[in-house]
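With the sequences and hints as input, model every part of the structure.
Residue numbering for the sequence shown follows the working numbering, starting at 1 and increasing by one per position.
Heads up, some of the hints might be wrong.
[Unchecked claim] Computed list of lysine-lysine pairs in DSSO-like fashion (alpha-carbon distance at most 27 angstroms, straight line): (1) Lys57 <-> Lys88; (2) Lys191 <-> Lys88; (3) Lys107 <-> Lys178; (4) Lys172 <-> Lys184; (5) Lys184 <-> Lys140; (6) Lys169 <-> Lys74; (7) Lys195 <-> Lys107; (8) Lys195 <-> Lys184; (9) Lys172 <-> Lys107; (10) Lys195 <-> Lys88; (11) Lys88 <-> Lys172; (12) Lys184 <-> Lys169.
These are calculated hints, taken from the structure and not from any lab test.
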Amino acid sequence: MLTIQGAKSLLGKVVATSALITLAVVPAWANPIIDKPAPVFSGAAADGSTINLADLKGKTVVLEWTNNECPYVKKHYDLSGNIPALQKSATADGVVWLQIISSAPGKQGHVDGATALSLNTQRGAVPSHVILDSDGSIGKLYNAQTTPHMFVINAEGTLVYKGGIDSIKTTKAEDIPKAIPYVKDALEAVKAGTKVTNPSTAPYGCSIKYAG
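Listed below in structure tokens is the structure:
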């Protein structure tokens, strides 16, 4: 016969077990720290390959969170070509540029691999790879909040920049020449072997459309 005390004990075990199951299936939010090792990850790329950040040690890496429907992303792609131009100059210098899409299925910005590649062709974008992060695990690992949200990792695997693409938080392309180009400056500092002047800035853009 189950006593009241026994029922409470059983209920407690069920609740505890449920909590453990929930923790196991929900990606955890993290907060990567400047001048510390960048969190490693493995992700499925739009071309069917698998990208492991650990395999890229020895190269400068840019992580760019994106959503093709976001007006802040359009500012730097369709309206100006700013990010594609930066991708071209960076990859010409040997930088690995990872474009990451963390929009969940059914939400704004979610696309399949073929569509992601087609969009980049249409916009003249040349990231090294496009990672499809539909479960948001990589985004949450980096605490990515907006599109765009940018991170720069040096050849030693250390996070040296996180934040906005630049300093003017608008959707107007005409503001780009007036802004401090944070990511461009960070890449130039890494190339020169000097300290990044503004290693952590506030990102701006559309909120990332995570699941849930």
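Here is what the structure says about each hint:
1. For the proposed pair Lys57 and Lys88, the alpha carbon gap of about 21 angstroms is at most 27 angstroms, so the pair holds.
2. Taken as a hint, the Lys191 and Lys88 pair is honoured in the structure, with Cα atoms around 15 angstroms apart against an allowance of 27 angstroms.
3. For the suggested pair Lys107 and Lys178, the alpha carbons sit about 33 angstroms apart, so the restraint of at most 27 angstroms is broken.
4. This hinted pair checks out: Lys172 and Lys184 have alpha carbons roughly 19 angstroms apart, not beyond 27 angstroms.
5. The suggested pairing of Lys184 with Lys140 holds, with an alpha-carbon distance near 24 angstroms, which does not exceed 27 angstroms.
6. A C-alpha spacing of about 13 angstroms is found between Lys169 and Lys74, which places the hinted pair at or below 27 angstroms, so the restraint holds.
7. Proximity of Lys195 to Lys107 is assessed by CA-CA distance (about 38 angstroms); at most 27 angstroms being required, the pair is judged violated.
8. For the hint linking Lys195 to Lys184, the alpha-carbon distance of about 13 angstroms falls within 27 angstroms, and the restraint holds.
9. Distance hint between Lys172 and Lys107 is fulfilled; the C-alpha atoms sit about 24 angstroms from each other, no more than 27 angstroms.
10. Under the criterion of a C-alpha separation no larger than 27 angstroms, the hint pairing Lys195 with Lys88 is consistent with the structure, at around 23 angstroms.
11. Between the alpha carbons of Lys88 and Lys172 the distance comes to roughly 22 angstroms, so the proposed pair stays at or under 27 angstroms and holds.
12. Taken as a hint, the Lys184 and Lys169 pair is honoured in the structure, with Cα atoms around 16 angstroms apart against an allowance of 27 angstroms.
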